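Residue numbers (my numbering), protein chains in the order written: chain A, 1 to 181; chain B, 1001 to 1188.
Hints may contain errors.
[Claimed, not checked] Derived lysine to aspartate or glutamate pairs resembling DMTMM-like cross-links, with alpha carbons at most 20 Å apart:
#1 Lys56(A) x Glu1062(B)
#2 Lys78(A) x Glu1178(B)
#3 Lys1165(B) x Asp1035(B)
#4 Lys1113(B) x Glu1159(B)
#5 Lys1063(B) x Asp77(A)
#6 Lys56(A) x Asp27(A)
#7 Lys26(A) x Glu165(A)
#8 Lys78(A) x Glu1062(B)
#9 Lys78(A) x Asp162(A)
#10 Lys78(A) x Asp1185(B)
#11 Lys1165(B) x Glu1006(B)
#12 Lys26(A) x Asp162(A)
#13 Lys78(A) x Asp27(A)
#14 Lys1149(B) x Asp1035(B)
#15 Lys1147(B) x Asp1137(B)
Simulated from the structure, these hints should not be mistaken for lab results.
Source: prediction; values computed, not measured.
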Amino acid sequence: MEDKVQDPVAGVAARLSGGAIISAIKDAGVGYVLSVPDLHTSYGLLMPIADDPDLKLIRVCKEDECLGIAAGLSYGDKRAVVLIQYTGFLYALNSIRAVAAEHRKPICLMVGLLGKPPGVAPRDAKRVGLRAVEPILDIMGIPHQLIETDADVPRIASAIIDAYEFGHPTALLIGRRPVAP
Amino acid sequence: MMNRMECLRVLADHVTDEIVVATYSSATDWLAIVDRPLNYFAVGAMGLASSHGLGLALARPEKRVIVLDGDGSLLMNLGTLVTIGAVAPANFVHLVGHNGSYEANGGVPIPNKEVDFAGVARAAGIESCHTFTEIDDFTAAIGSLLKAKGPVFADLVIEQGPLSKRDYSDMYAPARREAFRAALDAGA
Chain A
1 MEDKVQDPVA
11 GVAARLSGGA
21 IISAIKDAGV
31 GYVLSVPDLH
41 TSYGLLMPIA
51 DDPDLKLIRV
61 CKEDECLGIA
71 AGLSYGDKRA
81 VVLIQYTGFL
91 YALNSIRAVA
101 AEHRKPICLM
111 VGLLGKPPGV
121 APRDAKRVGL
131 RAVEPILDIM
141 GIPHQLIETD
151 ADVPRIASAI
161 IDAYEFGHPT
171 ALLIGRRPVA
181 P
Chain B
1001 MMNRMECLRV
1011 LADHVTDEIV
1021 VATYSSATDW
1031 LAIVDRPLNY
1041 FAVGAMGLAS
1051 SHGLGLALAR
1061 PEKRVIVLDG
1071 DGSLLMNLGT
1081 LVTIGAVAPA
1091 NFVHLVGHNG
1101 SYEANGGVPI
1111 PNKEVDFAGV
1121 ARAAGIESCH
1131 TFTEIDDFTA
1141 AIGSLLKAKG
1151 PVFADLVIEQ
1161 GPLSKRDYSD
1171 MYAPARREAF
1181 RAALDAGA
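Same shape as in the complex, but just chain A (with noise of 0.2 Å):
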């Protein structure tokens, strides 16, 4: 499953660590993972996350779970992290808008672009589900990046730590297949 082309921009071989992902939330204090299932980041993230003994997964039944189940558990200091796909995405916007952009609770979405060719940037690609991601963040003030490359891996931690230290969503948008770690 892995996904390894040219980086137009850096023209040499791009690849995306599960494995560093996931060390990632860990160096920011994630505990748990809220997971709706996606082939996006399955292999590379969501099962190495299950198997992982220092992270707990929930797995929900629709999206929106997520949101109140990662409200709740800031009231008790534990950080998590939402892994769900962009169409979950699209279907959670309510509760999106209700509870991180309203509330400004410190969520934290991980979301899976599926479809997406890496190098294309989200507003550029052909879906119109894709397309859609970045402006509804943004007319959400929800801060986001894109997580396409090893090199935007170290940018993961500090976004995860700032939306809980200083009470706000935030959004990491995996542009390219995790490999499995």
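Place chain B on chain A using the hints.
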């Protein structure tokens, strides 16, 4: 047939330091009975009360979390029962006011008034599931249900109304979220 207000008054006699998550009509009536910092109304989106409650139960395992849900709200997030059944927090109590309507939205009927919520919850993996139609039965049971190993689910079959005065701007005020956080941090 019971009504929500009398059920909540019975519940209030047993509530001490529990977290109470309440939504829509249940929240309105609960607030009219007991205004306290450990009330949590910041559900945000219809249907999410039990999901917030699940997160709180995991975050604060030393405290009991009581969710006051509605039948219309639960139907919007029915999968939550499967998630709760799988996670099985021992400190979680889920009470559903079942009046067959979206009462806060004008009393419009839910798709099927006769749905067996306790049966659905049991099939979803929650072992302790109950249905109450008479206030005497609920009064006799609620004390032990609040002490029982969770998750506990109870369908409270009630009539519509009467509704207490609604003031969502007060109920959802940031000050209430801050007071809730402060009460938890103070060890309430």
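These are the hints, each one checked on the structure:
1. Lys56(A) x Glu1062(B): holds, 18 Å
2. Lys78(A) x Glu1178(B): holds, 17 Å
3. Lys1165(B) x Asp1035(B): holds, 14 Å
4. Lys1113(B) x Glu1159(B): At roughly 11 Å apart (the allowed maximum being 20 Å), Glu1159(B) and Lys1113(B) satisfy the hint.
5. Lys1063(B) x Asp77(A): The hint holds at about 15 Å.
6. Lys56(A) x Asp27(A): holds, 15 Å
7. Lys26(A) x Glu165(A): Roughly 16 Å between the alpha carbons, so the hint for Lys26(A) and Glu165(A) holds.
8. Lys78(A) x Glu1062(B): holds, 14 Å
9. Lys78(A) x Asp162(A): holds, 14 Å
10. Lys78(A) x Asp1185(B): Distance ~14 Å between Lys78(A) and Asp1185(B) Cα, so the pair holds.
11. Lys1165(B) x Glu1006(B): holds, 16 Å
12. Lys26(A) x Asp162(A): The hint holds at about 14 Å.
13. Lys78(A) x Asp27(A): Given that 20 Å is the threshold and the Cα spacing comes to 14 Å, the pair holds.
14. Lys1149(B) x Asp1035(B): Violated, at about 27 Å.
15. Lys1147(B) x Asp1137(B): The hint holds at about 17 Å.
Of the numbered hints given earlier, the model fails hint 14 alone.
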